[in-house]
Amino acid sequence: MPVVLVFVRNFNVSGQSDGPTRSIVNLSRKLVDVNFRIVASNVGGSDTSDGRQQVMPQWQEIDGFKVMDVGRNLRSVRWIKKILSEQRYNLVYLNSFFDPFLTLLPLLILGFSQRSGHNVIVAPRGELFASALASGRWKKRFYLTVIGVFDVYEGIIFQAASAHERKVIRKHINSAGDDIRVVSDIVTLGAFSGCSEKFRASGSLRLVYLSRITPAKNLIYALEIIGKSNVQVSLDIYGEIVDSMYWRLCEKYITKHDLGDRVQYRGEVDYGDVHQLVGTYDAFILPTKAESFGHAIGEALSVGTPVIISDATPWQGLEDEGAGIGIALLEQNKFVTYLSWLSSLSEVEYRHLRIQARRFVVEMMSNPRVLADNKNLILDYVRDQQVVS
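If you're matching positions, the sequence shown starts at 195 in the working numbering and goes up one per residue.
Incorrect hints may appear among the rest.
To be verified - Lysine-lysine pairs mimicking DSSO-like chemistry, simulated, CA-CA at most 27 Å apart: (1) Lys224 x Lys260; (2) Lys334 x Lys361; (3) Lys275 x Lys260; (4) Lys450 x Lys483; (5) Lys333 x Lys361; (6) Lys275 x Lys333; (7) Lys528 x Lys483; (8) Lys446 x Lys361; (9) Lys333 x Lys365; (10) Lys422 x Lys446; (11) Lys334 x Lys365; (12) Lys422 x Lys483; (13) Lys569 x Lys260; (14) Lys224 x Lys569; (15) Lys361 x Lys275; (16) Lys276 x Lys260; (17) Lys361 x Lys569; (18) Lys361 x Lys483; (19) Lys422 x Lys450; (20) Lys446 x Lys483; (21) Lys450 x Lys365; (22) Lys528 x Lys422; (23) Lys333 x Lys483; (24) Lys483 x Lys365; (25) Lys483 x Lys334.
As the list claims (entries may be wrong) - Simulated restraints, written as ranges between beta carbons of each label pair: (26) Ser438 x Leu523: 19 to 29 Å; (27) Ala328 x Lys450: 21 to 31 Å; (28) Lys275 x Thr531: 48 to 58 Å; (29) Glu541 x Ser438: 38 to 48 Å.
Keep in mind that the hints were calculated from the coordinates and are not lab data. For glycine and all other residues, C-beta sits at the position ideal for the given N, C-alpha and C.
Using the sequences provided together with the hints, build the complete structure.
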């Protein structure tokens with residue numbers, strides 16, 4: 195059986211999982227004849243970065259995956275080197291661009307050994323977008339300069355989730371050339387939840403924000419929309435507070451504009467509860483500055499919850515299909531207008547909107563090319579090699 199060695203920072207299948215975890219899990223479920231081994235520094239929410247672990251960890255069986263938690267410390271260097279040298283893998287799959295332990299370190303180890311016959315894919319997962327580069331800008335710019343000088347990524351295959359991300363990769367990585375595969379991620383479809391009775395009963399529009407709380411996700415913009423709306427609207431916020439300084443700015447905005455009775459932070463959500471939770475809301479809102487893919491958007495659509503998002507995502511054509519709307523961030527009034535329109539819908543009209551939202555993502559995920567592209571991303575680099583798991 196072909197063996198794919200996956201490096202990813204967080205791996206939590208059933209808990210509070212992020213986009214890269216969902217991408218890997220969804221892909222692996224379509225490739226049952228490929229053995230995915232996961233190397234992570236935070237498995238199941240247990241971060242081992244403090245360096246207390248003295249002995250090299252063992253492979254564990256977690257949710258059907260072989261997983262090793264290597265932490266993020268000096269010992270991790272030795273352990274990662276040992277993992278890469280203990281056998282030749284069909285493919286090494288790196289799910290970050292800037293991670294020093296789980297991307298740069300494996301690349302350097304493999305580079306010093308002339309890649310050791312390994313094929314390597316790097317999926318930047320949106321880390322090269324301008325909004326992502328704005329965080330830690332100078333460190334990232336320095337990194338980009340250094341890797342450009344030393345051609346660290348020469349001969350590497352890149353995965354982009356959209357044509358736009360492919361352009362961004364080419365802009366920053368001179369050696370990328372044509373070795374960029376555009377492969378849309380796969381969405382886990384939830385059960386259609388029908389019309390929200392709470393919306394019709396209360397007359398108040400109930401919105402949900404479900405994403406990490408960072409400047410790139412642009413929560414404060416959503417708060418501005420709520421503040422400017424002339425209809426009854428509430429917002430429940432779910433997600434990890436990654437940037438505490440940014441969250442404090444959001445809290446100050448809520449207080450300053452007297453939104454405390456309409457906006458609530460509800461904490462983090464286990465992935466197994468996401469579909470059912472989002473299905474209880476009238477609309478999903480995410481005015482993101484840039485999105486490589488946007489699993490949460492697809493998951494909201496899959497349960498029939500229309501989405502109100504920026505146009506900086508791969509989810510295009512929403513308004514044409516009656517599944518929600520994607521609006522340029524410079525046109526904030528259009529967000530406000532859409533909320534007014536949404537609140538005015540009759541029950542029949544609103545139910546049709548939910549049906550269209552579900553249909554939009556189901557048709558997208560039913561496209562044979564999406565599944566074929568995902569399978570071929572892996573199989574093209576493993577089918578000619580004989581590596582036994």
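Hint check:
no.	hint	result
1	Lys224 x Lys260	holds, 17 Å
2	Lys334 x Lys361	holds, 18 Å
3	Lys275 x Lys260	holds, 18 Å
4	Lys450 x Lys483	holds, 24 Å
5	Lys333 x Lys361	holds, 22 Å
6	Lys275 x Lys333	holds, 25 Å
7	Lys528 x Lys483	holds, 16 Å
8	Lys446 x Lys361	violated, 37 Å
9	Lys333 x Lys365	holds, 18 Å
10	Lys422 x Lys446	holds, 16 Å
11	Lys334 x Lys365	holds, 14 Å
12	Lys422 x Lys483	holds, 20 Å
13	Lys569 x Lys260	holds, 20 Å
14	Lys224 x Lys569	holds, 7 Å
15	Lys361 x Lys275	violated, 32 Å
16	Lys276 x Lys260	holds, 16 Å
17	Lys361 x Lys569	holds, 23 Å
18	Lys361 x Lys483	holds, 17 Å
19	Lys422 x Lys450	holds, 13 Å
20	Lys446 x Lys483	holds, 21 Å
21	Lys450 x Lys365	violated, 40 Å
22	Lys528 x Lys422	holds, 11 Å
23	Lys333 x Lys483	holds, 21 Å
24	Lys483 x Lys365	holds, 18 Å
25	Lys483 x Lys334	holds, 18 Å
26	Ser438 x Leu523: 19 to 29 Å	holds, 24 Å
27	Ala328 x Lys450: 21 to 31 Å	holds, 24 Å
28	Lys275 x Thr531: 48 to 58 Å	holds, 56 Å
29	Glu541 x Ser438: 38 to 48 Å	holds, 41 Å
Of the numbered hints stated above, those contradicted by the structure are hints 8, 15 and 21, listed in ascending order.
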